[in-house]
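Peer 1: Below, each chain spelled out in residue letters.
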Amino acid sequence: MELLSNLALGFATALSPSNLFLGFVGCLVGTLIGVLPGVGPIATIAMLMPLTLKVDPTGALIMLAGIYYGAQYGGSTTAILVNMPGEVTAVVTALDGHEMAKQGRAGAALGIAAIGSFFAGTVATLIIAAIGVPLTRLALLFGPAEYFGLMVFGLGLAIVLARGSVLKAVIMVVLGLLLSTVGTDLETGQERLTLGIPELSDGVDFAVLAMGLFGIAEILRNLENPESRNVAIAQIGRLLPTRAELKRCVGPIVRATGIGSVLGILPGNGAVLGPFASYALEKKLAKDPSRFGRGAIEGVAGPEAGNNAGAQTSFIPLLTLGIPPNAVMALMVGAMTIHGLIPGPQVITKYPSLFWGMIASMWIGNLLLLIINLPLIGLWVRLLKVPYRLMFTTILLFCAIGIYSINNNPYDVYFTAFFGLVGYVFIKLGLEPAPMLLGFVLGRLMEEKMRQALALSEGSFMTFVERPVAAVLLVLAAAVILIAVLPAVARSRQKAFQE
Amino acid sequence: MHNVKRLACAAALALFSTASLSQAYPSRPVTIIVPFAAGGPTDIIARITGEYFSKALGQQFVVENVAGAGGTTGITRGAQAKPDGYTIMMGHMGTHGAAPALYKNLKYDPAKDFTPLGLVAGTPILIVARKDFPAANLKEFLAKVKDPAAKVKQAHAGVGSVSFTTCTLLTSQLGAKSIVAAYRGTGPALNDLVGGQVDYMCDQIVNLVEQIKGGSIRAYAIATAERSPALPDVPTTKEAGLPAYQVSAWNALFAPKGMPKDVAAKLNATLVAALDDAATRKRLLDLGSVIPDKAGRSPEALQKLVESEVKRWDPILKAYAQ
Numbered sequence: 000m001e002l003l004s005n006l007a008l009g010f011a012t013a014l015s016p017s018n019l020f021l022g023f024v025g026c027l028v029g030t031l032i033g034v035l036p037g038v039g040p041i042a043t044i045a046m047l048m049p050l051t052l053k054v055d056p057t058g059a060l061i062m063l064a065g066i067y068y069g070a071q072y073g074g075s076t077t078a079i080l081v082n083m084p085g086e087v088t089a090v091v092t093a094l095d096g097h098e099m100a101k102q103g104r105a106g107a108a109l110g111i112a113a114i115g116s117f118f119a120g121t122v123a124t125l126i127i128a129a130i131g132v133p134l135t136r137l138a139l140l141f142g143p144a145e146y147f148g149l150m151v152f153g154l155g156l157a158i159v160l161a162r163g164s165v166l167k168a169v170i171m172v173v174l175g176l177l178l179s180t181v182g183t184d185l186e187t188g189q190e191r192l193t194l195g196i197p198e199l200s201d202g203v204d205f206a207v208l209a210m211g212l213f214g215i216a217e218i219l220r221n222l223e224n225p226e227s228r229n230v231a232i233a234q235i236g237r238l239l240p241t242r243a244e245l246k247r248c249v250g251p252i253v254r255a256t257g258i259g260s261v262l263g264i265l266p267g268n269g270a271v272l273g274p275f276a277s278y279a280l281e282k283k284l285a286k287d288p289s290r291f292g293r294g295a296i297e298g299v300a301g302p303e304a305g306n307n308a309g310a311q312t313s314f315i316p317l318l319t320l321g322i323p324p325n326a327v328m329a330l331m332v333g334a335m336t337i338h339g340l341i342p343g344p345q346v347i348t349k350y351p352s353l354f355w356g357m358i359a360s361m362w363i364g365n366l367l368l369l370i371i372n373l374p375l376i377g378l379w380v381r382l383l384k385v386p387y388r389l390m391f392t393t394i395l396l397f398c399a400i401g402i403y404s405i406n407n408n409p410y411d412v413y414f415t416a417f418f419g420l421v422g423y424v425f426i427k428l429g430l431e432p433a434p435m436l437l438g439f440v441l442g443r444l445m446e447e448k449m450r451q452a453l454a455l456s457e458g459s460f461m462t463f464v465e466r467p468v469a470a471v472l473l474v475l476a477a478a479v480i481l482i483a484v485l486p487a488v489a490r491s492r493q494k495a496f497q498e
Numbered sequence: 000m001h002n003v004k005r006l007a008c009a010a011a012l013a014l015f016s017t018a019s020l021s022q023a024y025p026s027r028p029v030t031i032i033v034p035f036a037a038g039g040p041t042d043i044i045a046r047i048t049g050e051y052f053s054k055a056l057g058q059q060f061v062v063e064n065v066a067g068a069g070g071t072t073g074i075t076r077g078a079q080a081k082p083d084g085y086t087i088m089m090g091h092m093g094t095h096g097a098a099p100a101l102y103k104n105l106k107y108d109p110a111k112d113f114t115p116l117g118l119v120a121g122t123p124i125l126i127v128a129r130k131d132f133p134a135a136n137l138k139e140f141l142a143k144v145k146d147p148a149a150k151v152k153q154a155h156a157g158v159g160s161v162s163f164t165t166c167t168l169l170t171s172q173l174g175a176k177s178i179v180a181a182y183r184g185t186g187p188a189l190n191d192l193v194g195g196q197v198d199y200m201c202d203q204i205v206n207l208v209e210q211i212k213g214g215s216i217r218a219y220a221i222a223t224a225e226r227s228p229a230l231p232d233v234p235t236t237k238e239a240g241l242p243a244y245q246v247s248a249w250n251a252l253f254a255p256k257g258m259p260k261d262v263a264a265k266l267n268a269t270l271v272a273a274l275d276d277a278a279t280r281k282r283l284l285d286l287g288s289v290i291p292d293k294a295g296r297s298p299e300a301l302q303k304l305v306e307s308e309v310k311r312w313d314p315i316l317k318a319y320a321q
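Going down the list, the protein sequences come from chains A and B.
For the record, in the first sequence the residue sitting at position 326 is 325 according to numbering that gives the first Met the number 0, with numbers rising by one throughout.
For the record, in the second sequence the residue sitting at position 103 is 102 according to numbering that gives the first Met the number 0, with numbers rising by one throughout.
In short, the hints are calculated from the structure, not lab data.
There's no promise every hint is true.
[What the hints assert, rightly or not] Some chain B residues well away from chain A (every beta-carbon gap over 12 Å; in silico):
id : residue
1  : A36
2  : A37
3  : E50
4  : Q58
5  : A243
6  : K265
7  : K310
[Claimed, not checked] To be clear about the criterion: a stretch of chain A counts as covered by chain B if any three or more of its residues have a C-beta under 8 Å from a C-beta of chain B, and this derived list gives those stretches:
id : segment
8  : 44-58
9  : 272-279
[What the hints assert, rightly or not] Distance windows between CB atoms, simulated:
id : chain 1 : residue 1 : chain 2 : residue 2 : range
10 : B       : A278      : A       : L137      : 39 to 49 Å
11 : B       : Q172      : A       : D184      : 34 to 44 Å
12 : B       : D275      : A       : G195      : 45 to 55 Å
13 : B       : K106      : A       : L140      : 37 to 47 Å
14 : A       : D184      : B       : K54       : 41 to 51 Å
15 : B       : A278      : A       : L420      : 24 to 34 Å
16 : A       : T187      : B       : Q59       : 54 to 64 Å
17 : B       : L56       : A       : V468      : 35 to 45 Å
18 : B       : A175      : A       : L396      : 47 to 57 Å
19 : B       : L284      : A       : L52       : 16 to 26 Å
In this text the structure is predicted, and so the values were computed from the model without any measurement.
C-beta: ideal position from N, C-alpha, C; glycine also.
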């Protein structure tokens, strides 16, 4: 009953004409900026934050949240259309989404992304409203050792992610892990593997790596044989997924919503794992796993739903504890603080209309995104018809602008170009960048959490076994890796016997 | 005779040109480089100040976040900018105090490569612990920290961060060695403090004030001369028995070296006025900041502060590295 009255308060706040308008503007501007290749949610929010300074705190937060969802959605759009994932979670979307686009089914991919996101957003909003507070208390039990277990589990997923050979996937994961060690050492402050380049002292930026390995490399490959590409794009196909496709996506969307919601609550950016976990799960459940990576619609629906559910529930640690779980939420804290409203554990009791208004606006934001984006799909898809010689130059230009705007750093643009070349070599060698990117992202967190856990246990590795949650997660990780590797081993043994 | 005339002409010209410069300045938007990510304490102070500057001088003062290497990336860029008044920067206790000791290849000298414009705000440092830490006050807490058998665990937000430098100062004054866990940023460190994974940390008041009020962590002392109106119940280090521990994460405006005197004077005058402006003051005070008194706002006072801070941090941080 209390929940209903709280939600009523929330909707009354969020549906006031001015807040509704701000939410709409946020979603729209967020989508339009976020669709620039390379511009992820963090860059978009940082860029647009000054817009919100003139508004009251609740309205400003609603608008920022709208910008966040919009930018995230815009990021998926570029991942699907031009294979440029602007942030970690869109990497998975690019895998099958861009394949679908190449087959002339960009509309269906964008459509299912919007639908999956909307469903996940609706459920996640309800979860936050109903059990957000008790869940946060549970999540606080998650210490560095437990996180380490979770990250190792995630690495197992990286191997499942691969299309082809397991050995190659392992190589790429290790490469990603190595790349993640570039930068300043967390404990000593020493520079590692920076080659004396000061711009590398904070490591390689994720967007720089992803833009290069995916987007730029893709452009290079397309320039090599432009004909094949133009044929594919000439047929646009249906703008929306078929009924049969929708039906096939119900399971993945529901499962991904569950996974994404749970991971999003963990304060410590567990949300990045959501789409990867969903993709790996669907690939394992599929009757024909080989379709994944070649334009399987479930491979877009699941990860997009998982992504949006996580994006939503990652507001929980911020709203209930006042602690930002990731960089986007840290920006939200900044925005609240500028408005003289410093977030803390008392946000709910001190500012109930803000808290519940935010939650209601999340759902409204998701609805607005659906309304904004379904008509836009036609426009985006038509963009693909632009002659490639015009298109790739435009993409490169916007990509350079986007990359520069992340840190206002010209070196990021050079590094992107470099990783573009690396990505092209990978294509030639038949190596896939997705496991490498996951290794890169998890490597950083894994090292950090392992060293924290070991520092706190004074160097005793037993901490990973003595803490039950950590131990369970490590066992699960071992199981996932075994499941991923065993079929390959079995196959090669079969081959050996046949010979 | 000729020479005198020429000299007079030149002097008149110079006078005229500088006068017109200061009248015209600023004739286009001004960039404030903030060497940290958007949303952090320094960024917020820069945006609040920038808003006043924009209104007072009739041109937009735009914040540009150039984060990286503990703020030294942005300050290096700022130091190399043209000193024409269109690029200024928000320096900080880290970039203009601790950095020379932490970064061997630092490309600027905090005391020599800048035109100091003025101190904007001091941000008090608090010593906080998890809410169930078994010590009733600062004295008991310090006894535990000094006792190796108690195995007290400290968290900090990364080498070079405010929480790192200020807690290193604390342990070096105590001659104690804590178990130290490094995090990337205040958020994750605070998270593990609230969750009870670690025992204590030191950080800026703005990051901690609501957690203390909400009872999810406890504060032992504030490292300022006077109590903060934002947390009137928290004793100062002087009251609680550690008078030597006085430290603040101050923020100050700098320009590249060689800026025309009249432009610098105009910016300083605007800053002085900003810190007297009721709305700006209130917003800074709400963050827990300490606003410098009239004497503390002069460029000379800032120059002195920078020199003394560099001297102070050098031995402490170098000792930690060894």
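Peer 1: List in ascending order the numbers of the hints, as given earlier, that are violated by the structure.
Peer 2: Structure breaks hints 1, 2, 3, 9, 11, 15, 16 and 17.
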